[in-house]
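Trainee: Below are the chains, spelled out letter by letter.
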Amino acid sequence: NAGVTQTPKFQVLKTGQSMTLQCAQDMNHEYMSWYRQDPGMGLRLIHYSVGAGITDQGEVPNGYNVSRSTTEDFPLRLLSAAPSQTSVYFCASSYGLAGSETQYFGPGTRLLVL
Amino acid sequence: AQSVAQPEDQVNVAEGNPLTVKCTYSVSGNPYLFWYVQYPNRGLQFLLKYITGDNLVKGSYGFEAEFNKSQTSFHLKKPSALVSDSALYFCAVRPAGGDGGATNKLIFGTGTLLAVQP
Chain A
280 NAGVTQTPKF QVLKTGQSMT LQCAQDMNHE YMSWYRQDPG MGLRLIHYSV
330 GAGITDQGEV PNGYNVSRST TEDFPLRLLS AAPSQTSVYF CASSYGLAGS
380 ETQYFGPGTR LLVL
Chain B
-10 AQSVAQPEDQ VNVAEGNPLT VKCTYSVSGN PYLFWYVQYP NRGLQFLLKY
40 ITGDNLVKGS YGFEAEFNKS QTSFHLKKPS ALVSDSALYF CAVRPAGGDG
90 GATNKLIFGT GTLLAVQP
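Those sequence lines, one after another, are chains A and B. All residue numbers for the first sequence refer to my numbering, where the first residue is 280 and numbers rise by one. All residue numbers for the second sequence refer to my numbering, where the first residue is -10 and numbers rise by one.
Please note: incorrect hints may appear among the correct ones.
[Claimed, not checked] Cross-link-like lysine to aspartate or glutamate pairs, in silico, EDC-like; alpha carbons within 20 Å at most: (1) Lys288/A to Asp352/A; (2) Lys66/B to Glu4/B; (3) Lys11/B to Asp74/B; (4) Lys288/A to Glu309/A; (5) Lys66/B to Asp(-2)/B; (6) Lys38/B to Glu4/B; (7) Lys94/B to Asp335/A; (8) Lys94/B to Glu309/A; (9) Lys38/B to Glu53/B; (10) Lys94/B to Asp317/A; (11) Lys11/B to Glu338/A; (12) Lys11/B to Glu(-3)/B.
None of these hints come from the bench; they were simulated from the model. Small disclaimer: the values here were computed from a predicted structure and weren't measured.
From just these sequences and the hints, can you work out the full model?
Mentor: Here you go:
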């Protein structure tokens, strides 16, 4: 199994540009999440999904959209990039509720917004 | 507010010595507690978790953690540190939902950088 994969590994955007961060998992996990990691702030939950067709907001959802059309994929869309969105983004999946089950993390996407 | 705190930004320890990485939490209800490790330029990896039962939880790579309800702590420990243990360690706690049931959210601490000197 490849586990959780993320693309791209690194991206530079200009303010106002849009892009999609891709996330896929091959473990048939129902639950998937997107986090951003910023220095001194740990990981903060952006959006999460409890199954195909079901998504919900996390702690810092503004400026991001998600969809979950399949169990495997959970893309994160930046609608109009801002410098405040410069961060490292991690996708994670788990078999059960993330609050109860082990989460498996992807390798991350480093995003720089100029 | 429900939260988790890692009071030390960095912990330095000599190889072969015991190590402790501290974590305290503040949640209502019964906490689910986790430790994750992040090696440079990698995603987080699960180390161990406490859901219920024995207060001493054993995890991967020789790590263990002790749940202390009275002190609301879940410190990570290892009897003998290795240079390869050098990494960023995150404590995480599950907050109770509005109905007190399980939620799909974890609150992560800010992380503690463990540096093991040879």
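Trainee: Next, verify each hint and record whether it holds.
Mentor: Here's how the hints hold up against the structure:
| no. | hint | result |
| --- | --- | --- |
| 1 | Lys288/A to Asp352/A | holds, 17 Å |
| 2 | Lys66/B to Glu4/B | holds, 14 Å |
| 3 | Lys11/B to Asp74/B | holds, 16 Å |
| 4 | Lys288/A to Glu309/A | violated, 24 Å |
| 5 | Lys66/B to Asp(-2)/B | holds, 16 Å |
| 6 | Lys38/B to Glu4/B | violated, 25 Å |
| 7 | Lys94/B to Asp335/A | holds, 11 Å |
| 8 | Lys94/B to Glu309/A | holds, 14 Å |
| 9 | Lys38/B to Glu53/B | holds, 9 Å |
| 10 | Lys94/B to Asp317/A | holds, 18 Å |
| 11 | Lys11/B to Glu338/A | violated, 24 Å |
| 12 | Lys11/B to Glu(-3)/B | holds, 7 Å |
When the structure is compared with the earlier hints, violations turn up for hints 4, 6 and 11 and for no others.
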